[in-house]
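**Student:** Read off the chains here:
Number of protein chains: 2
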Amino acid sequence: MVQNRLETKKIRRAGALTVAAIGLSALLAGCGSDSGPGVDGDTAAGVDISRAATGDVTAHGGARRLTEDQTQAIADSIQQTGAKNVILVIGDGTANQELTLARDYQWGAGGQIPGIDQLPLTGDYTTYSINKDTRKPDYTTDSAASGTGWATGTKTYNGAVGVDVNGKPQRSILEIARANGLRTGDVTTTELQDATPAVQVAHVTQRKCYGPKETAEKCPENALENGGAGSITEQLLAARPDVTFGGGWATFAQTATAGEYRGQTLEAQAKSRGYQIVRSADEMNALDEANQDKPVLGVFADGNLPRIWDKATAVPGGVKQPAVKCADNPAFTAATPKLGDMTRKAIDLLDNDKGFFLQVESGSVDKANHDADPCGQIGETVQLSDAVTAALDFAKKQKDTLVIVTGDHAHTSQIVEPDPELPMPGLTKLLIGRDGDPIAVNYGTSLVPGEEQHTGGQVRIAAYGPGAANVVGLTDQTDPFFYITDQLGLDREKK
Amino acid sequence: MVQNRLETKKIRRAGALTVAAIGLSALLAGCGSDSGPGVDGDTAAGVDISRAATGDVTAHGGARRLTEDQTQAIADSIQQTGAKNVILVIGDGTANQELTLARDYQWGAGGQIPGIDQLPLTGDYTTYSINKDTRKPDYTTDSAASGTGWATGTKTYNGAVGVDVNGKPQRSILEIARANGLRTGDVTTTELQDATPAVQVAHVTQRKCYGPKETAEKCPENALENGGAGSITEQLLAARPDVTFGGGWATFAQTATAGEYRGQTLEAQAKSRGYQIVRSADEMNALDEANQDKPVLGVFADGNLPRIWDKATAVPGGVKQPAVKCADNPAFTAATPKLGDMTRKAIDLLDNDKGFFLQVESGSVDKANHDADPCGQIGETVQLSDAVTAALDFAKKQKDTLVIVTGDHAHTSQIVEPDPELPMPGLTKLLIGRDGDPIAVNYGTSLVPGEEQHTGGQVRIAAYGPGAANVVGLTDQTDPFFYITDQLGLDREKK
Numbered sequence: 001m002v003q004n005r006l007e008t009k010k011i012r013r014a015g016a017l018t019v020a021a022i023g024l025s026a027l028l029a030g031c032g033s034d035s036g037p038g039v040d041g042d043t044a045a046g047v048d049i050s051r052a053a054t055g056d057v058t059a060h061g062g063a064r065r066l067t068e069d070q071t072q073a074i075a076d077s078i079q080q081t082g083a084k085n086v087i088l089v090i091g092d093g094t095a096n097q098e099l100t101l102a103r104d105y106q107w108g109a110g111g112q113i114p115g116i117d118q119l120p121l122t123g124d125y126t127t128y129s130i131n132k133d134t135r136k137p138d139y140t141t142d143s144a145a146s147g148t149g150w151a152t153g154t155k156t157y158n159g160a161v162g163v164d165v166n167g168k169p170q171r172s173i174l175e176i177a178r179a180n181g182l183r184t185g186d187v188t189t190t191e192l193q194d195a196t197p198a199v200q201v202a203h204v205t206q207r208k209c210y211g212p213k214e215t216a217e218k219c220p221e222n223a224l225e226n227g228g229a230g231s232i233t234e235q236l237l238a239a240r241p242d243v244t245f246g247g248g249w250a251t252f253a254q255t256a257t258a259g260e261y262r263g264q265t266l267e268a269q270a271k272s273r274g275y276q277i278v279r280s281a282d283e284m285n286a287l288d289e290a291n292q293d294k295p296v297l298g299v300f301a302d303g304n305l306p307r308i309w310d311k312a313t314a315v316p317g318g319v320k321q322p323a324v325k326c327a328d329n330p331a332f333t334a335a336t337p338k339l340g341d342m343t344r345k346a347i348d349l350l351d352n353d354k355g356f357f358l359q360v361e362s363g364s365v366d367k368a369n370h371d372a373d374p375c376g377q378i379g380e381t382v383q384l385s386d387a388v389t390a391a392l393d394f395a396k397k398q399k400d401t402l403v404i405v406t407g408d409h410a411h412t413s414q415i416v417e418p419d420p421e422l423p424m425p426g427l428t429k430l431l432i433g434r435d436g437d438p439i440a441v442n443y444g445t446s447l448v449p450g451e452e453q454h455t456g457g458q459v460r461i462a463a464y465g466p467g468a469a470n471v472v473g474l475t476d477q478t479d480p481f482f483y484i485t486d487q488l489g490l491d492r493e494k495k
Numbered sequence: 001m002v003q004n005r006l007e008t009k010k011i012r013r014a015g016a017l018t019v020a021a022i023g024l025s026a027l028l029a030g031c032g033s034d035s036g037p038g039v040d041g042d043t044a045a046g047v048d049i050s051r052a053a054t055g056d057v058t059a060h061g062g063a064r065r066l067t068e069d070q071t072q073a074i075a076d077s078i079q080q081t082g083a084k085n086v087i088l089v090i091g092d093g094t095a096n097q098e099l100t101l102a103r104d105y106q107w108g109a110g111g112q113i114p115g116i117d118q119l120p121l122t123g124d125y126t127t128y129s130i131n132k133d134t135r136k137p138d139y140t141t142d143s144a145a146s147g148t149g150w151a152t153g154t155k156t157y158n159g160a161v162g163v164d165v166n167g168k169p170q171r172s173i174l175e176i177a178r179a180n181g182l183r184t185g186d187v188t189t190t191e192l193q194d195a196t197p198a199v200q201v202a203h204v205t206q207r208k209c210y211g212p213k214e215t216a217e218k219c220p221e222n223a224l225e226n227g228g229a230g231s232i233t234e235q236l237l238a239a240r241p242d243v244t245f246g247g248g249w250a251t252f253a254q255t256a257t258a259g260e261y262r263g264q265t266l267e268a269q270a271k272s273r274g275y276q277i278v279r280s281a282d283e284m285n286a287l288d289e290a291n292q293d294k295p296v297l298g299v300f301a302d303g304n305l306p307r308i309w310d311k312a313t314a315v316p317g318g319v320k321q322p323a324v325k326c327a328d329n330p331a332f333t334a335a336t337p338k339l340g341d342m343t344r345k346a347i348d349l350l351d352n353d354k355g356f357f358l359q360v361e362s363g364s365v366d367k368a369n370h371d372a373d374p375c376g377q378i379g380e381t382v383q384l385s386d387a388v389t390a391a392l393d394f395a396k397k398q399k400d401t402l403v404i405v406t407g408d409h410a411h412t413s414q415i416v417e418p419d420p421e422l423p424m425p426g427l428t429k430l431l432i433g434r435d436g437d438p439i440a441v442n443y444g445t446s447l448v449p450g451e452e453q454h455t456g457g458q459v460r461i462a463a464y465g466p467g468a469a470n471v472v473g474l475t476d477q478t479d480p481f482f483y484i485t486d487q488l489g490l491d492r493e494k495k
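Chains as they are written, first to last, in the UniProt record's numbering: chain P, 1 to 495; chain S, 1 to 495.
Be careful, since some hints might not be right.
The list cannot tell twin chains apart, which means a pair is met if one copy fits it or any two copies do.
Said to hold, decoys possible - No farther apart than 25 Å at their CA atoms in a straight line, the calculated lysine-lysine pairs in the DSS-like style are these:
hint: 1; residue 1: Lys-320; residue 2: Lys-396
hint: 2; residue 1: Lys-320; residue 2: Lys-136
hint: 3; residue 1: Lys-132; residue 2: Lys-325
hint: 4; residue 1: Lys-136; residue 2: Lys-325
hint: 5; residue 1: Lys-132; residue 2: Lys-320
hint: 6; residue 1: Lys-495; residue 2: Lys-320
hint: 7; residue 1: Lys-338; residue 2: Lys-494
For the record, the hints were derived by calculation from the structure and aren't laboratory data. Note that the structure is a prediction, hence the values are computed from the model and not measured.
In isolation and in its complexed conformation, chain P is listed as follows (with noise of 0.2 Å):
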């Protein structure tokens, strides 16, 4: 064996390390220090390790993203306990093969998503929710059960918003961080009442409860008439997070049917209840401060925002067909907010002495996923790489900051060969993207769009920032709650 050039390396590395254990025994002796813990300054970025492809795919060695051995550099980025900021980013629906088609589209297969490529750590969660009659295992969750697991460390039934298999409410991450006395934070690209932005603010046993009127039918047991905590939005409202960006307007106009707000309806009770209530994208741009004294609610559509690249559906036997390139949504225009322009807005208003908590969701990934559109998809992918690399861009500067991104539940669609003689029963389309040659996809769990299934894959998860290791190796989804309460040093009692 040749050892010479790696045994320099050796002790290179070594003797970085050293210095990085000797920083941290350092910090100790003052620790709370507002640059935030961190094994060492630069280094302990440790974005950027892996890159995109670094040559000619197809010679000898161009593919490769690891230019040298990183472990010294995984190592760096393993930093110190202790945050306090978390910000949360969810793409719905969003595990490997959304990815790797977001990927291959947009940035080419040897290409890197901006921000979710450039996290260091990396692990995988399992997903399962539970079965409301069995009480057993349910290998598909959807996103209510799903979000349900990481905002409470509690699994619970598809369907089911913030409430454990016997609709008991279970306290939310956004809830605990808010008592705390942390500001908090929660956008999305779909309506607020959707189940992940609902889970961190609601505890209703269905999750179309959106306002009083459906409450009443499809979950009584919460409606305020009959003592419960009333509807997602009336929750929403109540549990008054400092910041929310999403849509679904349209329930604002429902009027509430019991307690303070009666007669009200849920767009004069945000007013009362102190809300800055914004609707565009300048309208967002302009504002300045969002406390417990003035939260901001910004909603910008009726129901979910317009996804920013149009539809091209997939079809039966797509494969046959001339491959295409996605397009600009023209639905989407500048009076709506992007959602990495939405994350550096929340983070912005949020930053504060005392740290936050903040969950952003790029939501469609899903909802184009079960429409069978994968430009839709993708578009909702890139929307999430942008929320990412806001986030990233903040915890590079505020080191003391924790960066999760991660999906909630595997999706239907997978990348296939684009062989027109392979006969694929379900729907397919081919796409040109970035390289140039066309690229399958293949929705594959329904003949009808708007119907495609979540499938049941663990799911990967990944971070940076104090704690991040957390989320390596196999861990499951309800282990977030418990690892950000603990990494922001929450008292989950404390109301």
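Chain S: place on chain P using the hints.
**Tutor:** Leaving out everything else, chain S in the frame of chain P:
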């Protein structure tokens, strides 16, 4: 914020890290010690950090896999670089859906796959291959191109074994390791001539060139009679790994058409070359040495080794049929060694002062997936788990051993809702596994068992031991060639 509990943890952890780093410096003074590099004796094992669900999965916190912050444990699992031995374990066509399906069925949704789920460091890699005509990325690789990627560091076209897009041979890790004086092994449940085992020992332009007969037809430029290096089997015999275990005996009846062994069968050639030939588990178990004087050739079936579990093929409308349990395959008898036993025997035979490189493949996870056979697929994933356990058991004792576990490409199987009302266009099957409720599996890329397709998603890669941190984050399938040969300290040019 209530930080007290966390602060206490911080001090303990940081202290441990300082000790670990000092340990590293001390180790460097005596570099090359036989006990191998490792940050910290006991905790550096880094195995069993994440666990099975810790309680009643319907209760708050009952499904979590982490019992405490794992930052220090992950830091400890990052060991010094430089390995004496490398064991690379491949699950063919084994990505997140396949791993989760096997866990759900065999160990329960909250359970742990032995070996695989215990690997402390995890990431994903991109698997795209190259279109031979356009020289652009092919988004869905086959096993030949993917194996060539990690074995040689060169991306190539689907079907190519150990050659680049121009058909030019690329040296493999196994060949380089042997040239550097290490022992080498190549173990599989498939035919020895199948793509994954072949990429370490052969260089042919078409993967079907098993023997002289196919080579004359399908890749004549590789035929001995045309001045080539011969068929895959002939090149395997010339490559002379110390240990070769698998199937594919049928090809050994073919006769060489040129060269030194012209007119002899490949079986006779193996004997002439000094190979010890074993044909059963008993004969394998009786082996007590394997080296360049007496290399071992274990061939336990005419074709692929039988799968350990019997077929249960998915069918149209399978979600409407009763759920079944998987059964043992009666064709799998005690005469055939299991993959875990082959792995243990190979390690026993290869372990030596200079170190070894061993590749192990559970090859029929892929083949059962093509067949839309979830039971076959799960059984072979159980075999994969056994092989990883065997590798980890050795590595925990011989800490200078790097174990890497991955799949070569994603595949078709998806876990879906067991709902008979959902019209699924592909082939489906209901299974009753460990938890007791039905698990639904969908094969949505063909209606013909045997013709289900690979898919293009990035694939999980996990590792334990020195250099294991190189799998973390997003890497490419060609990266392992470089970091494995680097960790082993090999001169890649040595002949």
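**Student:** Indicate, hint by hint, whether the structure satisfies it.
**Tutor:** Evaluated hints:
1. Lys-320 - Lys-396: Neither way: Lys-320 and Lys-396 sit 46 Å apart in one copy and 52 Å across, limit 25 Å.
2. Lys-320 - Lys-136: between (43 Å within a copy, 20 Å between copies)
3. Lys-132 - Lys-325: between (43 Å within a copy, 23 Å between copies)
4. Lys-136 - Lys-325: Between copies, since 17 Å is at most 25 Å while 44 Å is not.
5. Lys-132 - Lys-320: Between copies, since 21 Å is at most 25 Å while 43 Å is not.
6. Lys-495 - Lys-320: neither (60 Å within a copy, 48 Å between copies)
7. Lys-338 - Lys-494: neither (35 Å within a copy, 54 Å between copies)
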